[in-house]
Each structure stands twice: as C-alpha cells, then as structure tokens.
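A.B. asks: Start from chain D and add chain F according to the hints.
Here is how the chains run, residue by residue.
There are 2 protein chains.
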Amino acid sequence: METMIRKFREAVIKQKAFNYILNVTGWDSETEAPHGSFARRSEMLGIISQEAFRLYVSPEYQEVVNSLFAKSDELDDITRREIKKAKKAMDKIVKIPEKEYVEYQKLLSLTQIIWEDAKANNDYDSFKTNLSEIIRYNKQFIKYYGIDNHPYNILLDEFEEDMTMKDYDQLFDLLKAELVPFVKQVIAAEKPRDENFMNAFYPKDLQMLFSNRLMDIMAFDKSHGLIKTSVHPFTWNTSPADVRFTTHCWENQVFSSIFSTIHELGHATYEQQIDEKWDNTLLSGGTSCGIHESQSRFYENIIGRSQEFWNTHFPDLKAVFPEQFANVTVDDIVMAVNKVQRSMIRTEADELTYSLHVMVRYELEKKIFSDEISIDDLPQAWNELMIEYLGIEPKNNTEGILQDVHWSGGMFGYFPTYALGSAFAAQIYYTMKKDIDIEAITKEPNLKKINAWLKEKIHHYGSSKTAKEILKEVTNEDFNPEYYLRYLKEKYTALYL
Amino acid sequence: METMIRKFREAVIKQKAFNYILNVTGWDSETEAPHGSFARRSEMLGIISQEAFRLYVSPEYQEVVNSLFAKSDELDDITRREIKKAKKAMDKIVKIPEKEYVEYQKLLSLTQIIWEDAKANNDYDSFKTNLSEIIRYNKQFIKYYGIDNHPYNILLDEFEEDMTMKDYDQLFDLLKAELVPFVKQVIAAEKPRDENFMNAFYPKDLQMLFSNRLMDIMAFDKSHGLIKTSVHPFTWNTSPADVRFTTHCWENQVFSSIFSTIHELGHATYEQQIDEKWDNTLLSGGTSCGIHESQSRFYENIIGRSQEFWNTHFPDLKAVFPEQFANVTVDDIVMAVNKVQRSMIRTEADELTYSLHVMVRYELEKKIFSDEISIDDLPQAWNELMIEYLGIEPKNNTEGILQDVHWSGGMFGYFPTYALGSAFAAQIYYTMKKDIDIEAITKEPNLKKINAWLKEKIHHYGSSKTAKEILKEVTNEDFNPEYYLRYLKEKYTALYL
Chain D
1022 METMIRKFRE AVIKQKAFNY ILNVTGWDSE TEAPHGSFAR RSEMLGIISQ EAFRLYVSPE
1082 YQEVVNSLFA KSDELDDITR REIKKAKKAM DKIVKIPEKE YVEYQKLLSL TQIIWEDAKA
1142 NNDYDSFKTN LSEIIRYNKQ FIKYYGIDNH PYNILLDEFE EDMTMKDYDQ LFDLLKAELV
1202 PFVKQVIAAE KPRDENFMNA FYPKDLQMLF SNRLMDIMAF DKSHGLIKTS VHPFTWNTSP
1262 ADVRFTTHCW ENQVFSSIFS TIHELGHATY EQQIDEKWDN TLLSGGTSCG IHESQSRFYE
1322 NIIGRSQEFW NTHFPDLKAV FPEQFANVTV DDIVMAVNKV QRSMIRTEAD ELTYSLHVMV
1382 RYELEKKIFS DEISIDDLPQ AWNELMIEYL GIEPKNNTEG ILQDVHWSGG MFGYFPTYAL
1442 GSAFAAQIYY TMKKDIDIEA ITKEPNLKKI NAWLKEKIHH YGSSKTAKEI LKEVTNEDFN
1502 PEYYLRYLKE KYTALYL
Chain F
1022 METMIRKFRE AVIKQKAFNY ILNVTGWDSE TEAPHGSFAR RSEMLGIISQ EAFRLYVSPE
1082 YQEVVNSLFA KSDELDDITR REIKKAKKAM DKIVKIPEKE YVEYQKLLSL TQIIWEDAKA
1142 NNDYDSFKTN LSEIIRYNKQ FIKYYGIDNH PYNILLDEFE EDMTMKDYDQ LFDLLKAELV
1202 PFVKQVIAAE KPRDENFMNA FYPKDLQMLF SNRLMDIMAF DKSHGLIKTS VHPFTWNTSP
1262 ADVRFTTHCW ENQVFSSIFS TIHELGHATY EQQIDEKWDN TLLSGGTSCG IHESQSRFYE
1322 NIIGRSQEFW NTHFPDLKAV FPEQFANVTV DDIVMAVNKV QRSMIRTEAD ELTYSLHVMV
1382 RYELEKKIFS DEISIDDLPQ AWNELMIEYL GIEPKNNTEG ILQDVHWSGG MFGYFPTYAL
1442 GSAFAAQIYY TMKKDIDIEA ITKEPNLKKI NAWLKEKIHH YGSSKTAKEI LKEVTNEDFN
1502 PEYYLRYLKE KYTALYL
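Taken in order, these protein sequences are the chains called D and F.
Count along the first sequence from 1, add 1021, and you get the number used in the working numbering.
Count along the second sequence from 1, add 1021, and you get the number used in the working numbering.
Chain D on its own, in the form it takes in the complex:
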C-alpha cells in the first residue's frame, strides 16, 4: 500500500513537471512566439507530448491507480479524491482505441480550418460532414467509456463534475419562464442616451496603464504574475506562484479592455489564492469551469459594473483619459456599461441577455446527444431558438449556427458552464452580503476584503472540493438558480424600471 502510494506520488509529480513545461511553452505560443516558429514547435512538442502521454497510460501507472482505487476505503480523504480523479481520467484515455483517438485528433485539426472557411463564406454545408463526424466520434467514445448515464450527461460531467441535465434544466427552465419576458420589459423601457464617449479614441498604452491600476484595485500580486496583451484574453497559471493573464486593447472601445481585464483578474485572483499545499497533488487549480467563471463574472459584473465601483474609481479613469471623459458623469458610465441589447452572439452580449445565448446552444446539444435532431436541421433550429429567447433572427448561418468555435473543436457540454458561472456567482453573492458589507468595501481603494472572503470560503481549497460541495458549504443550500434571477431582476429593475 505504502509503496503504491509512493509510486503514485512520483508519477503525479512527473505529470506535473511535464504539464508545467508544456504550459510555459503554451504561454509563449499564445503571447509572443513568432509566426514562423510553429512548424518546428509542433514537431518538438509532439515528442514531449508523447513522453507525457506515456505517464498516463503506462502499465505501471495503470496498476498503481487501479490497485489504489480498489482500496479506496483505506485511503485518507485527500488521496481518495486524487485516486478517483486519476482513475476517471485514465479510464477515459485507455478505453478509447489509440487509432481512433489519433484519427479524431486529426479530424479536429482539419475541421478547425473548415469551420473558419465555412463561417467566412456562410456555407454550413461545407462544415456539416465534419461536424457530423465529430459528433459520431463523441457518441462512440461515450460508448467505450461504458458509463451508465445519458450521453449528454457524460459530456456535461467532463466540464462540470456531477452536474447533469436535471441541474441545467432547472436553471434554463427558470430563465425561459422568467428572464425571457423580463428582458422584453427592460428593452421596452430603454431610452436613447448620448454614448459617444464609449467609442472615443483611447491609446493602447494608456489603456494598459489603467489595466495596471485595475490590478492594484483587485490587489493582484505582481510578484507572482503579470499582464500582457493577446487577441483573445485569457488567464494562465502553473501554480499560485505564477498566474498571468492577458487583455486586449481596442482603441475605440476602452470598456472592452477594462471589463476583459477585470474578468481575467477574477480568474487570476482565484488561482493566486489557492493554497500551495495542493501544488504536487491532483487537487491543484480551480475546481471547475463553473466555479471559475463564477469568480470572473462576480468581479466583472456584480462588482465591476456597479454604481459603487464607478463612484470610487471613475476619478482614476478620468485621470488617465481627461479629455475623453471631460463631459461624462458616473451615471453615464453605469448606464452605458449596463446597456441591454438584443445581440447576435454571447461574446458581445450584455449581462442580462448573456445566458439566453448559452441556452440556445444547450438546447441543441441536448437534442444532438438524445438523437432528436439531424445535422441538416440545426441551422433552422438555431434561428428559431434565437427568435424565441432573444427576439432576434440571424440573417445567415455565419451569424447563427456557425458563430462559435466550440463544436469544431469537439467541445460539447462546455458551453452551459458559461451560464452556470453567472448563476453560481449570484448565489455566492447573496451569502457574501450577509457576512460583509460589499458596497462599503467596493468604496475602498482596493478589494482585499472581498478577496479574503472568497479565499477563505472557496479559493484556498483548490479542487479538493467539487463545485457542488463548495456551493453547499458556502451558501448552505444546493445549487439554486432563483438567486441568479433575483439578482438580475433587482439590478435591472433599479436601473430601468
């Protein structure tokens, strides 16, 4: 037993080291590696990835994991959780025949380009054969797993442990019934406002200067992280000791950069506040997509788009851009950054309509993996759902079914976690409110006291607790989407009705 545990520890730390070094290379690829360097890079990474892959499938490792799994009862709580995770991940890998796995990877990399072209040319037909193949592989892989559950539940579980269609239906049924009509009410109540300052010219270096100010407001630890720019903002980390993130700077949309920065700082704060004791275990890093997104959207929307936040920090912003904000009031900003619109894609959606976009794709994914819809019918079904939920019809498939990258990369079951994050955030918010005075803290020079609360309740655990466990322990109840609806209604009623 002890020998097995020692072997398991050795295997884990080696996996960690390979992941570490592949991650560092990934950061370089995403943020600065020159265009012409990627052919050689993929050759070299192929070799290292192969070495890394062996660590997860070698007969020795399989023996260690299986024998410890068989004796789960005798393990301490931490090791038991690790072994459960290791076993789950390993089984999925070893149960898929290597040949099919390789073919599937090839298919994905080809489909990426086919999707890009299809989107550019509004040509769903050129994409649907590959889409169909990707779905077929996923259904086949699910069969190999041999898990007794609905296929879509198995996919959902990959991105959010233990969350099932039952949970998501609870969320989306509520939104359908209550949020869809509420959005109509809000939009009907909107009045035109002067928002020209939103698209004034904001030089990139000054945008970065303000992003740096935001890092201080969020009390980001700069000795253990940094900011850079990239086309698509993201957060990157290898351990709490090294957490980096990017933002983008569009020179005529300063708030795009500001909210990207705050959003990524939410992810980054989570990762920085995890206890280092998890570093060499399988319980390091944030616990799930949904909880991660709850942190980023809590800071971005609940804090970052609040009246108190801008009361406090508008002077900072105005100091950086005195001319652009010469005739702008705090209220102008608060209304502008909370404007509600019927838009065509989630990535540009406001806080209120955001989840309705997610709902569209969720409904379709559920139908696909319940064999209730054909590939040919997807574009039409997409458009109908857009009309039903958002009251807007895509004028073509580029704007509709082809808008997002996820399916071309084989990501089914991931999308719903985007909505889950906001819903988790609201539920956590109402508990936090009972403990600390969020409005008062938001008026302080930085958000340290909010960080501290989140660290104690959520962050420091890393992934040693599941999302469901954390939610239950923090809020004293199971996932309850009513909080999300309540939060949205309270906020937007106050703003608009």
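It is possible that part of the hints are untrue.
Identical chains blur together in the list; that is why a pair holds if it fits in one copy or across any two.
[As the list claims (entries may be wrong)] Think about it this way: if two alpha-carbon atoms lie no more than 25 Å apart in a straight line, the pair counts; the simulated DSS-like pairs of lysine-lysine are:
| id | residue 1 | residue 2 |
| --- | --- | --- |
| 1 | K1249 | K1225 |
| 2 | K1493 | K1470 |
| 3 | K1197 | K1454 |
| 4 | K1493 | K1106 |
| 5 | K1127 | K1164 |
| 6 | K1105 | K1298 |
Please keep in mind that the hints were generated in silico from the structure rather than gathered at the bench.
Quantities reported herein were computed from a predicted structural model and do not represent experimental measurements.
C.D. replies: For chain F alone, coordinates are given in the frame of chain D:
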C-alpha cells in the same frame, strides 16, 4: 549498424525536444517570469532536467554511441562528426562520479551569491575558499577525463574546439608586443571633444523604435524572431525558425542600446542563416563561441562603428531623436563611438582596448591551471597585469579580480574566446573585402549582401565544420592574428594619428 544509427537518431531527436522545451522556459525566465515564480520553477525543472540527463547517460545510449564510435570509419562524414561530438560530451559526463558532479553544482549555485556579496563588499577573502574549491573540482574532473593534454588546453577546448594555449599565445603575444604600445600612442593623440549629446535623454520607447529600424537595416527576419529588453542583452534560439534577442535601454546612453542591438543582431543573423537541414542533428547552431563572437563583433564594430554606416543611417537616427541630435554631425558620432579610453572592465571597454582586458584573465587562468600561482596571490597579479597592459590600476578588488561573474560559475577557458572573436572577425573581413565592396554595401538601405556572403561562406554550415576548418576554407589560411592587429592599426591610425 543500421539499427544503431536509427537508435542514435531517435535518441538525438529526443535530446533536441528536451533542450527545446528547456530553452523556451529559459527564455521566459530571462525575459518575463515573475520574481516569485522561481522556487516552483526550479522544482519542476529539476524533474525535467533529470529526465533529460538520462538521455545522455543511459546504458542504451552509451552502447549506441560507443559502438558507432568504434566503427567511425564506416560512417558517412556527417554522422561521423555527430558521433565524435556525442562521444566527447558523453564521456565527460559519465566519467565524473555522480556524487561529485552534484556537489559541484551545489557549490556553484552557492558561490554565485558569495561572489555577489564579495564584490559588493570588496571582500576577496570571503570568496577565495569557494573559488579554490571550484578550481580543485575542475582539476579533478580533468583528471577523470583521462585526456593526455595540459589541463588548461582541455578547458580551452570545451569552449573552442581544438584551440590551444599555443594558438592563444600567438594572439596575445602579438597584442602584448604591438597593441599595448599602439594604445598608448592613440590615447596620447586624443583631443577633448564635445560629447554631451552622448548622455542626453533618450526615451526608452524611441530607443526601441530605432532598434526596430536596425533590425530592418540588418534584414532580420521578423517572422522567425523578435526583440525584447532585458538587463543583460543576449541572443536565444532553438532553431533558425525561432531566433530572438534582447537589448537594454539606458535612457541617458542611447549608443549602449544601439551597439547592444547590432551586436546581438550579429549573433541572431548567424543563427537565422543556418541551414534547417541540421535541425535534427548534433551539428545545428553556430559552430563555436569564437566564430559566434566574430559575427557579432563584425557587425557591431567593423560595420556598426564605421564612417559609411553613420553616413547612411544618421538621418534615420536623427528622425527619431531630432532635438537630441540637432547640432551633431556624422563625424561627431563616429569619433564618439570610437573613443579610446583606459577603462577598468571589458564590458565597458572600447574596441581598441577590449582584448587587453581579456588578456589579463587569460594569463591568470593559464597560471592557475599550470599550478604557478596561489589563490592568495591572484588579486595582486590581476592589478599588476592591468597596469602593464592598460596602464591603469584598480583601486580595490571589486574593480579588479572580483569584477566578473565567470569564475564563480566555474567558467574557465571561456574568456579568451571574447578576444578570439574580434581576431577571427578581422581575418574574415580582409577576405570579404576581396569578394565584395563592403563600403558600397554599407551605404545601401540594408546589409543583405553582406549577410548573403556570410551565409554562403560560414553560416549555412551550422556546426558541421569546426571554427578552424571554416577559417581555413574561407580565408585560405590558418588562424592568423596579424589581420586583427592590422585592422586595428589601420582604423585607429586613420581616426587619431
């Protein structure tokens, strides 16, 4: 035989992949990794380095290399050279007992900090015990190698294959006899000039703008490389497909940035112009320290500090800094960047006195490894040589024997290659002059034609030829330091006498 060659190829490409990924991490460490991330990094790199190390010492690899080495005669020329290199590197590793090697590495990492403190406190005594230990280890390791040669020759060979004390003595004896008195002549002839523009204020972002201009002048391929800043400028590469370099920007010393950039662009051009066919062999990369340094110093000094270069590019520089150069002529610049001074350290030395600094350390290293000097006597010996060669006496050991990092890192035999680079550059220069009109090309918008000559004669070979072979083939004679003396005398006579 064929099986062995196949196994050798597989081993080499795996070594390449590990080096690749360690190099990418190194670039990150040197240019942006946050301060607080290094403890975790060293833990993770320790594991990967151990995996990499095994590739060089495993019994299977030893068998492959030894058996192919035994049949060298039957190998093609390329593989024979690779096996020779592999055998040499492997033997050095496997002959040192692992325990001693680990102890030595620990000693080095401790000594780094001890040297820093000793330098800061002008306290040679606190450094000498560790210095003495490092030297003892090096002498012991040389014994383990069991090579029949003078110990210092073995160290020299590590940094510059086949170059011996005989070669270096030939160079330094000439400099001692001819350059030392010539420097005195030049310094006596110097007249005071107005050089205030040298220390005007030059904003960093504009310095980087001009560095970018220099990349175009040198025809650097930006799709396969990039520039960043770091405290100590350096060039980094994993293959010709990815060659990066750094420069520094001191705001009151614009020419320090300019010549750092040109110097590193010399190294970078060499690496970019190597044929990709060497990528997966042991013959990739520049062939030796001396040849590498010859390329950087050729561009920096022979081209970059020439009258023609500034005739052509001063308008570019003035466009970036119109106020700072308002009353400055091309001649002012040429004289200022070729000013000769008795200075205390190589890194700040001008082109003419540079090699005399190198000579000081060479003489001492030779004595150390010939057992002709005690550790206690080194500071005094250093000072005496400084007076003899440069006519200047360090006022303490911080300025003298403690000035440089190399010995604390166990680097003996490396220093002389700094002088060799300049001497190689001059010898190559006189051959190039016969083939192409260097002055005319320097007047063109970029230096592509010079790059092309160097690519054909030197660069594309990678390290498939040794420095000595390249010199012989390009210049039609063996290493001949007379060219270096001739170049310096011609240039500085024209400028000063």
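A.B. asks: Evaluate K1197 and K1454 at a C-alpha cut-off of 25 Å and name the case that applies: within, between, both or neither.
C.D. replies: neither (27 Å within a copy, 80 Å between copies)
A.B. asks: Check K1105 against K1298 for me: Cα-Cα at most 25 Å, and say if that holds within a copy, between copies, both or neither.
C.D. replies: Close inside one copy (19 Å), not across copies (47 Å); limit 25 Å.
A.B. asks: At most 25 Å between alpha carbons: which applies to K1249 and K1225, within, between, both or neither?
C.D. replies: For K1249 and K1225, the Cα distance is within 25 Å both inside one copy (12 Å) and across copies (18 Å).
A.B. asks: At most 25 Å between C-alpha atoms: does K1127 with K1164 qualify within a copy, between copies, both, or neither?
C.D. replies: Classified as within; 21 Å inside a copy, 53 Å across copies.
A.B. asks: Given identical chains, is K1493 near K1470, meaning Cα to Cα at most 25 Å, within a copy, between copies, both, or neither?
C.D. replies: Classified as within: same-chain Cα gap 22 Å, cross-chain 71 Å, threshold 25 Å.
A.B. asks: Reference check for the pair K1493 and K1106, CA-CA at most 25 Å: within, between, both, or neither?
C.D. replies: Within one copy, since 21 Å is at most 25 Å while 63 Å is not.
Of the numbered hints stated above, the single one contradicted by the structure is hint 3.
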